[in-house]
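Going down the list, the sequences are from chains A and B. Residues in the first sequence are numbered from 3 upward in steps of one, following the working numbering. Residues in the second sequence are numbered from 8 upward in steps of one, following the working numbering.
If you're looking for bench data, these hints aren't it; they were derived computationally from the structure. Worth double-checking, as some hints may not be accurate.
[To be verified] One side only, chain A facing chain B, incomplete, derived with CB under 8 Å:
1. Gln-43
2. Gly-44
3. Pro-45
4. Phe-47
5. Glu-58
6. Leu-93
7. Thr-103
8. Gln-104
9. Tyr-105
10. Phe-106
11. Gly-107
12. Pro-108
13. Gly-109
Owing to the predicted nature of the structure, the values given are computational and were not obtained by experimental measurement. For glycine and all other residues, C-beta sits at the position ideal for the given N, C-alpha and C.
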Amino acid sequence: DTGVSQDPRHKITKRGQNVTFRCDPISEHNRLYWYRQTLGQGPEFLTYFQNEAQLEKSRLLSDRFSAERPKGSFSTLEIQRTEQGDSAMYLCASSFGRVETQYFGPGTRLLVL
Amino acid sequence: DAKTTQPTSMDCAEGRAANLPCNHSTISGNEYVYWYRQIHSQGPQYIIHGLKNNETNEMASLIITEDRKSSTLILPHATLRDTAVYYCIVVKTSYDKVIFGPGTSLSVIP
Numbered sequence: 003d004t005g006v007s008q009d010p011r012h013k014i015t016k017r018g019q020n021v022t023f024r025c026d027p028i029s030e031h032n033r034l035y036w037y038r039q040t041l042g043q044g045p046e047f048l049t050y051f052q053n054e055a056q057l058e059k060s061r062l063l064s065d066r067f068s069a070e071r072p073k074g075s076f077s078t079l080e081i082q083r084t085e086q087g088d089s090a091m092y093l094c095a096s097s098f099g100r101v102e103t104q105y106f107g108p109g110t111r112l113l114v115l
Numbered sequence: 008d009a010k011t012t013q014p015t016s017m018d019c020a021e022g023r024a025a026n027l028p029c030n031h032s033t034i035s036g037n038e039y040v041y042w043y044r045q046i047h048s049q050g051p052q053y054i055i056h057g058l059k060n061n062e063t064n065e066m067a068s069l070i071i072t073e074d075r076k077s078s079t080l081i082l083p084h085a086t087l088r089d090t091a092v093y094y095c096i097v098v099k100t101s102y103d104k105v106i107f108g109p110g111t112s113l114s115v116i117p
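Please construct the entire structure, taking both the sequences and the accompanying hints into account.
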């Protein structure tokens, strides 16, 4: 399967713990995006990378959130000191080319108890 | 804020065409109309996009009005597997962060 993959698919954690999610984009895609989605809502943009450079961060991305894409390939999203409000689906997408067609991964569903 | 408005939900009989409307009255000349769908518990899936001409692919057709202020996604023969939330979004030709609204929840009924 050469699509976008995310790991883990599900994560349950206790409030205050740190969690890290990984996204592997489609190999030739230079752009990588993170979104958060809560029940009944569309995905909300969190941040975006072009190669290894993080070019934009949403106001939703508080100081407890950090994302990296160290070699311009896979990316990680870390949430420190998780809160119950962080419970959501975290989606990763990648794209390549002049016109933005994003390919999404299956998401990581986070539940903070 | 999302730049598009869509009905909250729609039903369609299996085998019939599903016509999903989208209003994007503030669209600018360099913005494309994109459609994605999200089947329950999966990531969104790209369907189709267009600038001003009508477009068709193996999944759907996209009809854009001449003034570009609205569009319609057409699933010609809806199946139960087309039950999903359908998102209409506008995106500039170069990078622009994608803003998803709540979309239209389409239920295909046997």
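A quick look at each hint next to the structure:
1. Using the Cβ-Cβ criterion of 8 Å, the hint placing Gln-43 of chain A at the interface with chain B is satisfied: the shortest such distance is roughly 6 Å.
2. A hinted interface residue such as Gly-44 of chain A counts as satisfied when its beta carbon comes closer than 8 Å to some beta carbon of chain B; here the least separation is about 3 Å, so the hint holds.
3. Look at Pro-45 of chain A: its Cβ gets to within about 5 Å of chain B, closer than 8 Å, so that hint holds up.
4. With 8 Å as the threshold, the beta carbon of Phe-47 of chain A comes within range of chain B, its nearest partner Cβ sitting at about 5 Å, so the hint holds.
5. Of the supplied interface hints, the one on Glu-58 of chain A holds, with its beta-carbon coming within about 6 Å of a beta-carbon of chain B, less than 8 Å.
6. Look at Leu-93 of chain A: its Cβ gets to within about 5 Å of chain B, closer than 8 Å, so that hint holds up.
7. A distance limit of 8 Å between C-beta atoms decides the matter here; for Thr-103 of chain A the minimum to chain B is near 5 Å, and the interface restraint holds.
8. With a least beta-carbon distance of about 7 Å to chain B, the hint placing Gln-104 of chain A at the interface is held under the 8 Å criterion.
9. Checking Tyr-105 of chain A against chain B: minimum C-beta separation of about 7 Å stays under 8 Å; hint holds.
10. With 8 Å as the threshold, the beta carbon of Phe-106 of chain A comes within range of chain B, its nearest partner Cβ sitting at about 3 Å, so the hint holds.
11. Interface hint at Gly-107 of chain A: satisfied, since its Cβ lies 5 Å from the closest Cβ of chain B, which is below the 8 Å cut-off.
12. Because the beta carbon of Pro-108 of chain A sits about 5 Å from the nearest beta carbon in chain B, less than 8 Å, this interface hint is met.
13. Restraint check, Gly-109 of chain A versus chain B: the minimum CB separation of about 5 Å is within 8 Å; hint holds.
In terms of the numbered hints stated before, the structure departs from none.
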